[in-house]
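> So you can see what is in the structure, the chains are spelled out below.
4 protein chains.
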Amino acid sequence: MNLNKNSERKFDIIAIGRACIDLNAVEYNRPMEETMTFSKYVGGSPANIAIGTSKLGLKAGFIGKIPDDQHGRFIQSYMAGVGVDTTGMVLDTEGRKAGLAFTEIKSPEDCSILMYRDNVADLYLAPSEVDEDYIRQARVLLVSGTALSKSPSREAVLHAIHLAKKNDCLVVFELDYRPYTWVSEEETAIYYTLVAEQADIVIGTRDEYDMMEGKEGGTNEATTHHLFENQAKLVVIKHGVEGSFAYTREGATFKAGVYKTNVLKTFGAGDSYASAFLYALFNDKGIETALKYGSASASIVISKHSSSDAMPTAAEIETLLEEQK
Amino acid sequence: MNLNKNSERKFDIIAIGRACIDLNAVEYNRPMEETMTFSKYVGGSPANIAIGTSKLGLKAGFIGKIPDDQHGRFIQSYMAGVGVDTTGMVLDTEGRKAGLAFTEIKSPEDCSILMYRDNVADLYLAPSEVDEDYIRQARVLLVSGTALSKSPSREAVLHAIHLAKKNDCLVVFELDYRPYTWVSEEETAIYYTLVAEQADIVIGTRDEYDMMEGKEGGTNEATTHHLFENQAKLVVIKHGVEGSFAYTREGATFKAGVYKTNVLKTFGAGDSYASAFLYALFNDKGIETALKYGSASASIVISKHSSSDAMPTAAEIETLLEEQK
Amino acid sequence: MNLNKNSERKFDIIAIGRACIDLNAVEYNRPMEETMTFSKYVGGSPANIAIGTSKLGLKAGFIGKIPDDQHGRFIQSYMAGVGVDTTGMVLDTEGRKAGLAFTEIKSPEDCSILMYRDNVADLYLAPSEVDEDYIRQARVLLVSGTALSKSPSREAVLHAIHLAKKNDCLVVFELDYRPYTWVSEEETAIYYTLVAEQADIVIGTRDEYDMMEGKEGGTNEATTHHLFENQAKLVVIKHGVEGSFAYTREGATFKAGVYKTNVLKTFGAGDSYASAFLYALFNDKGIETALKYGSASASIVISKHSSSDAMPTAAEIETLLEEQK
Amino acid sequence: MNLNKNSERKFDIIAIGRACIDLNAVEYNRPMEETMTFSKYVGGSPANIAIGTSKLGLKAGFIGKIPDDQHGRFIQSYMAGVGVDTTGMVLDTEGRKAGLAFTEIKSPEDCSILMYRDNVADLYLAPSEVDEDYIRQARVLLVSGTALSKSPSREAVLHAIHLAKKNDCLVVFELDYRPYTWVSEEETAIYYTLVAEQADIVIGTRDEYDMMEGKEGGTNEATTHHLFENQAKLVVIKHGVEGSFAYTREGATFKAGVYKTNVLKTFGAGDSYASAFLYALFNDKGIETALKYGSASASIVISKHSSSDAMPTAAEIETLLEEQK
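Chains as they are written, first to last, in our numbering: chain A, 1 to 325; chain B, 1 to 325; chain C, 1 to 325; chain D, 1 to 325.
Careful, some of the hints might be misleading.
Any copy will do: because identical chains look the same in the list, a pair fits if it lies in one copy or spans two.
[Stated by the list, open to error] Think about it this way: if two alpha-carbon atoms lie no more than 30 Å apart in a straight line, the pair counts; the simulated DSSO-like pairs of lysine-lysine are: (1) K233 with K59; (2) K10 with K106; (3) K215 with K166; (4) K165 with K233; (5) K304 with K325; (6) K233 with K304; (7) K59 with K5; (8) K165 with K5; (9) K285 with K59; (10) K233 with K215; (11) K215 with K325.
The set of hints was computed from the structure by calculation and includes no laboratory data. Note that the structure is a prediction, hence the values are computed from the model and not measured.
Take the sequences, apply the hints, and build the full model.
Shown next, in the form of structure tokens:
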């Protein structure tokens, strides 16, 4: 698997889905009830991946609906500031708000999030707001699972995938499962299956694949067998501290471990992993190295206070890889 | 009008309605897009009045629905901490969240609020959650208009008023009009009228009375004529920097001006006004002095960063009154 | 109590609320599963009362929202055909439908109704669609309880009552309690109480007053005591086959029994009762006779196939009264 | 294309989707406003096809949610009475109602339908209510497009298709497009495309394919090109009075005309067409003859009063084919 097709296109990657606001505890190592101050960051898995890949040097774009308020304008200007193309962003005209995630950092092992996700702007992206001309300029469309949780965002993403396939743009599906906003696990499984069967690359944790399969204790063998019967060429399955695996349609398997770090919180690991993994693939470093880039990038982000602002540069990743070789 | 009836009751005042979270800009004199840190306070008009009257020494209680999460626990513990009885609070069991108000402080004249009010816990207080035994212990029930904006909170408040009147508890109606959450101005006018016709004391700005009357440019004379034909004994109408007026059913009129202060923001003025005005009435200081207490209290709060935490003590108010006599 | 005030006004009575479609079993004395044909009639308590009073010779009008479809046009033309003024009817512009009531007539004692009441047009009457000039032309505004069950119809009725009182138009409240469409009994009790406290005449069954009072086994004495403390002048309480009672604010009590008839079904009894009772009051026949008119009219309607089309003339009622004197 | 695979299975065909009530005008050739009586029939495209194929001698089953009321019991008993297996039917437990279709028959050319489709039971079939063991017993799963219009019925159908494919059961997609209940044409196009790409046989009118393709004036060539790139083996496209076409993946094309009849109304043509077409395929009569069976069956139904009760037997179809040979 390499991603060097369509190299003349304007964007290496366009991510579609939510861009929201993280409000991270300034005073931590305590319950949120006692946190009196919060710092504001851009958040949301696909937004983080657009930011992460852009900071690594890829040409990244973003499709999503943002509120027409102070938080929406912050999101747009922050993302533009780190080099993400924001011309695919759509302003909500119905007064909907940005999703919020208040993070509580009690200890490295005990973090929780208090989510505000009712009627958030990002879930109101409509199919008509996804522009075929924009997608046609991308080599990869990055789809995050949460955007499938509600209509019309669900249909906007299904439509975007249809347009990507029609225009020879690879589809990467980051499972990014979040229980809130989904009506039921049953419905999650239906749409995750539908999209994974159409994706070229699928990335997720073992738990997320189990959710997709509607059962616990699934095996990587069964998962990859099912996906390779459909359209997948590459499947990445993360097993937490035990490391991550990549499987190719041709039958190869790769594995990487995790890197030591001074963990502050667990948020943001998945998004930084995906960003660096895709960066390495785009740069022809091979799947095994790409797994290492993903893993190292995750290690860096979980040692820092934010998910988006902490996204590392390639040099930072490479330094860590060198140190812990 | 005095409030010294039922002095044997456990509570001077029980407020009913919303208790939420204010997130006030730490870096101000700039648009919120550029504010990167926010401080957390308890907010919401009736919560602020419960806090304000409690800090002034009245025995205050609160009826309202709060979320079963970190923000809900903060609200409960903060209010209990300043002496408010919170046994009338009900925990939401459906995962609803606290309302949020992000405040933007561009300049003393240019403040705005970014509200999160979709499906907030406070608007789900149900009539069955209003306890007659609790209301029977109060001398005054303080109703805030915003709690009328949606069912079932609307019916909970109508029911609480019914119980108050049945148990010889005076009803004070603070108009507290906020356009969000109301379906239409027409509906606002209908419920404001319905409740104002049943209230013993009504407090609001001239603009709020105009909203209640469904027209612009209403006169204090017409407003008081209508309310005194119903059950009101005392009507307070605030005219911003021009000062405030109190009218009694017996025909007396009182007026107070405003106090000079170093304005930081305009939030919280109404709640601090109501708190100090009621405090003075409970302490038999007479209506004219009560207007001054209200006005002085408002001046103090608008010079400070929060609405709730900044509620003054009686000594602070009296110092200001003395200084600007 | 007489109703001869404002005799110069164009309408004796204007009813507000629902006008729907009854689909009555053509083949009866069997479960509805085996009924293969249905006859169409206009239905809905306030529509039936407008029809009933109009057929008795009163000048009747109607305020309500009807669908812009074949059923709506049938309702309008049928009501106009029996003399009801339909200029206060409003067309729904959102594609909402008429409520439907399929009636099952298994036996005179065993009737049930299969209701279609989801998103029906009548419950979407808005306050702005109630015209003060129209209400000002009426001597009596007839309010039916079901119209209070949902917003915005609820607010439209509250607004109509406000306009009626402002314009010296008497308010008659027919409790007409139907469990469907109400969210809870608690909410029913709140709004029934609110409106009954403002009404000049209240008419209902003992069970309906119990619903209003939120308890079982209420007494007529307690009910009338409460209502006469507010604005009621006349209260009618129906006790089924044991007859009906009327109480006046001045302390008089009247009673009437029921008339023998060949019962086909039990639908429509209440509406025909109210129609004839009000007709007799308007014609100065005295309360005792008015109760008889109501009772006789109900006897006639329950022996016939429809509720609206079967509404008797004054001559039919008087013949029955004469026969069973 | 033949359907003789899996001949040992218990059911030739299981239809999934809505079963509702048709209320057909007894007095016709007039606007519905003047129709005073209605006859009751079972209706709904997939229910009609289950009835139609069962009357033709196929072993048919049905999956759908019906109300727990008189209409629901009528639907179940009528369908069981004509031989349809109803063990896959699920009772709604939330008080939802059967969909209704009041038909207006002004003239053979001018028919309209007044639909009641708000919160109808059939659209609440949940994925968990679709039983894999039941689908495994079928040779064909018949999916009707309307069931895709809303969640959770949409997901139930997507899940049923997934189970059908997993269990080697052919998927027949009858487009059956009805504008009501769909949020937008855009959303219709997305789900029609998604399902058509997974179906083995697709049947619809040229207009319905245009809806699926999101444009007017599509060609049969483009439509079949797209579907044969996916999983379709047989595509039927109906052009009204100009006849119908069948295309096979192998490249063959077949055409049939229409049969003369005394048209009463246009309802029910599509369902009777599909029933007879599939019957002929199951009986190895070849595609060309199957088109004739479909066309003849449609001619018979549009000359009669109902859609379901009028479904012809094989003998009736063959007589017509013989007569108009």
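> Give a verdict on every hint.
Verification of the supplied hints:
Taking CA atoms no more than 30 Å apart as the test, K233 paired with K59 passes inside one copy only; the shortest distance there is 23 Å, against 42 Å between copies. Within a single copy, K10 and K106 get their C-alpha atoms no closer than 43 Å, and across copies no closer than 39 Å, so neither meets the 30 Å cut-off. Taking the shortest Cα distances, K215 and K166 sit within 30 Å of each other only across copies (17 Å), while inside one copy they are farther apart (33 Å). When the C-alpha separation of K165 and K233 is checked against a cutoff of 30 Å, the pair qualifies both within a copy, at 14 Å, and between copies, at 22 Å.
For the identical chains of this complex, K304 and K325 are intra-copy neighbours only, at 22 Å inside a copy versus 55 Å across copies, given an alpha-carbon limit of 30 Å. Taking identical chains as interchangeable, the C-alpha atoms of K233 and K304 are never at most 30 Å apart, the minima being 33 Å within one chain and 55 Å between chains. In the homo-oligomer, the alpha carbons of K59 and K5 lie at most 30 Å apart inside one protomer (15 Å), although the nearest pairing across protomers, at 52 Å, exceeds that limit. In this homomeric assembly, K165 and K5 come within 30 Å of each other (Cα to Cα) only inside a single copy, at 14 Å, whereas the closest approach across copies is 33 Å.
Within a single copy, K285 and K59 get their C-alpha atoms as close as 18 Å, which meets the 30 Å cut-off; across copies the closest is 59 Å, which misses it. Taking identical chains as interchangeable, the C-alpha atoms of K233 and K215 lie at most 30 Å apart only when both belong to the same chain, with a minimum of 24 Å there against 33 Å between chains. In this assembly of identical chains, K215 and K325 lie within 30 Å of each other by CA distance neither inside one copy nor across copies; the values are 37 Å within and 57 Å between.
Of the numbered hints listed earlier, those contradicted by the structure are 2, 6 and 11.
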